[in-house]
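This is what each chain is made of:
There are 2 protein chains.
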Amino acid sequence: MSLVVLGTVALDHVKTPSGARRDLLGGSASHFAMSARLFTQVHLVAIVGEDFPQKHITFLKQKGIDLTSLTIEKGKSFRWKGEYRGNDFNTAITLATELGVLMNFSPRLARHQRQIPNVFLANIDPDIQMQLLRLMGRPRLIGLDSMNLWINHKRSSLKRLMKKIHLFVANDGEARQLSQEHNLIKAAKALRKMGPSYIVIKKGEHGVLFYCDQFMFSFPAFPVEHVVDPTGAGDTFAGGLMGYLTKAGQVNEQTLRRALIYATTLSSFNVEGFGMAKTAPLTMAQVKQRMNKLIKFIAV
Amino acid sequence: MSLVVLGTVALDHVKTPSGARRDLLGGSASHFAMSARLFTQVHLVAIVGEDFPQKHITFLKQKGIDLTSLTIEKGKSFRWKGEYRGNDFNTAITLATELGVLMNFSPRLARHQRQIPNVFLANIDPDIQMQLLRLMGRPRLIGLDSMNLWINHKRSSLKRLMKKIHLFVANDGEARQLSQEHNLIKAAKALRKMGPSYIVIKKGEHGVLFYCDQFMFSFPAFPVEHVVDPTGAGDTFAGGLMGYLTKAGQVNEQTLRRALIYATTLSSFNVEGFGMAKTAPLTMAQVKQRMNKLIKFIAV
Chain A
1 MSLVVLGTVA LDHVKTPSGA RRDLLGGSAS HFAMSARLFT QVHLVAIVGE DFPQKHITFL
61 KQKGIDLTSL TIEKGKSFRW KGEYRGNDFN TAITLATELG VLMNFSPRLA RHQRQIPNVF
121 LANIDPDIQM QLLRLMGRPR LIGLDSMNLW INHKRSSLKR LMKKIHLFVA NDGEARQLSQ
181 EHNLIKAAKA LRKMGPSYIV IKKGEHGVLF YCDQFMFSFP AFPVEHVVDP TGAGDTFAGG
241 LMGYLTKAGQ VNEQTLRRAL IYATTLSSFN VEGFGMAKTA PLTMAQVKQR MNKLIKFIAV
Chain B
301 MSLVVLGTVA LDHVKTPSGA RRDLLGGSAS HFAMSARLFT QVHLVAIVGE DFPQKHITFL
361 KQKGIDLTSL TIEKGKSFRW KGEYRGNDFN TAITLATELG VLMNFSPRLA RHQRQIPNVF
421 LANIDPDIQM QLLRLMGRPR LIGLDSMNLW INHKRSSLKR LMKKIHLFVA NDGEARQLSQ
481 EHNLIKAAKA LRKMGPSYIV IKKGEHGVLF YCDQFMFSFP AFPVEHVVDP TGAGDTFAGG
541 LMGYLTKAGQ VNEQTLRRAL IYATTLSSFN VEGFGMAKTA PLTMAQVKQR MNKLIKFIAV
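Those protein sequences? They're chains A and B, same order as listed. Going by our numbering, the first sequence opens with residue 1, and the numbers climb by one from there. Going by our numbering, the second sequence opens with residue 301, and the numbers climb by one from there.
Think of the hints as simulated: they come from the structure by calculation, not from any bench. There may be inaccurate statements among the hints.
Cβ-to-Cβ under 7 Å is the rule here; a few derived chain B residues that face chain A [what the hints assert, rightly or not]:
#1 388
#2 399
#3 430
#4 512
#5 514
#6 517
#7 585
#8 589
#9 592
Cross-link-like lysine-lysine pairs, in silico, DSS-like; alpha carbons within 30 Å at most [to be verified]:
#10 454(B) to 293(A)
#11 278(A) to 193(A)
#12 355(B) to 315(B)
#13 374(B) to 247(A)
#14 588(B) to 293(A)
#15 454(B) to 489(B)
#16 193(A) to 596(B)
In silico negatives: residues of chain B with every beta carbon more than 10 Å from chain A [to be verified]:
#17 503
#18 505
#19 561
By construction, the Cβ of each residue, glycine as well, lies at the ideal position given by its N, Cα and C atoms.
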């Protein structure tokens, strides 16, 4: 089975206490795809401008990511400039956002991609996320990520979307903001009531909380001593989660636990380097090696 | 084997979003003992004033706690008045502290208690903690807890003490403050270098991180939906940890993991009620029942 991801493909300028990098390949769909490709065929749906470096496109293709539905349009690519200050790696300070071609993005999907059963709506305007859903057949598993911007400014669009999806991924701040509950168990229950059966709350260095009607569980994060750049960690996490569930072909307690262990492992690689420096070269053998360390770390 | 705990026995006034209570039996040694008594004979070393309610003393005795070395002295008992505001249950706002008889406390220890092999120095002035150690034979396992006040004002006393102990328990803020490292793995390593072989960092609702030279592990906390009063949660945690290790009779990876699962379970009961409302009535069967839930919650 394969997997469609809608989101952004961006050029990132990032500054962290470890240094600064310009024109990194970034965006929610790119980071997601770089992680999910380890498990399954990923079909990426996004837009870039004509100024987008060919090397990044070649790179994604070489990683086996299907770019049939990557639109290349006249104009400038989406750019994000952000900084992480001091020890707070959980919150990026956005210095600049240039939407460029993203301003008028209507996702398109090749005919053969419309019946793909697994879809992830990575972080992008919820109205665009809804547009993609309308292009698709009846996906078996729809995952959704969002961000504070949309929770604030497009709450009603987001709430309509919540009714259509199965799995919602949010960080703790977003979960609290959307649910208006501080306690994360209460927040998870409130989000469940908005529609999705499966609620995944990411707590950064503190790991993850999973909630559904039948069971709940939690894992700490893999301990990373030298965080370099957490940009894309959430998308990398989601890529591992959805990638594994797609490969497994079924969603149950066992596959969900395993998927979240993979997700946790993959995001720990992401934060150890700028952009995709650590995730792009990864092989499944390396992922499994660290996953076994993680399992030992969290075993009862 | 049995266990000595040195710390405070206090009268607490607590206000939380769930309500307010006056003259609760509190203090680091009381909460610790109420938890550790489920595993082993606990010998409490502390001081109270003549004003201390007899009902609290009777209550501790009824719970099987040995009060031979509880000094009752002329003067006022130690009182703490604190508040938890909004959703921040991790930080108590201290409104008032009346030291009373604690001002001139020199711990004493009955002869038969001096050879007890396990000791926990619960939160109290580090100079008093050192005094107790000098009264003891050669304890096999010495645990230590402290707080921001002593880290700020008695850092050198605390550092001397760190050289004498085996197991250090701190919350994340204290661990960062004493080690001057923000990353918790780095903090744990720095604390290890100060002396203790075993470092336990409590992260409140995010669980616990354990570090020693041979291995590391981490658990999330038991998910509590309705936090009522977290006062004493850290002491209750330490009581479960040291209580179980004392009962187990040996310190190794297996007993440490199990001890921290018990500790996590016990502190989850503590936060669900004011003072010891939830921990005092606990039976081992109830603890094991919740522990099994926790194990299911965190299983890989």
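Verification of the supplied hints:
no. : hint             : result
1   : 388              : 9 Å, violated
2   : 399              : 34 Å, violated
3   : 430              : 32 Å, violated
4   : 512              : 13 Å, violated
5   : 514              : 12 Å, violated
6   : 517              : 5 Å, holds
7   : 585              : 20 Å, violated
8   : 589              : 16 Å, violated
9   : 592              : 10 Å, violated
10  : 454(B) to 293(A) : 38 Å, violated
11  : 278(A) to 193(A) : 37 Å, violated
12  : 355(B) to 315(B) : 22 Å, holds
13  : 374(B) to 247(A) : 72 Å, violated
14  : 588(B) to 293(A) : 28 Å, holds
15  : 454(B) to 489(B) : 21 Å, holds
16  : 193(A) to 596(B) : 24 Å, holds
17  : 503              : 7 Å, violated
18  : 505              : 8 Å, violated
19  : 561              : 6 Å, violated
The structure does not agree with the numbered hints 1, 2, 3, 4, 5, 7, 8, 9, 10, 11, 13, 17, 18, 19 stated previously, though it agrees with the rest.
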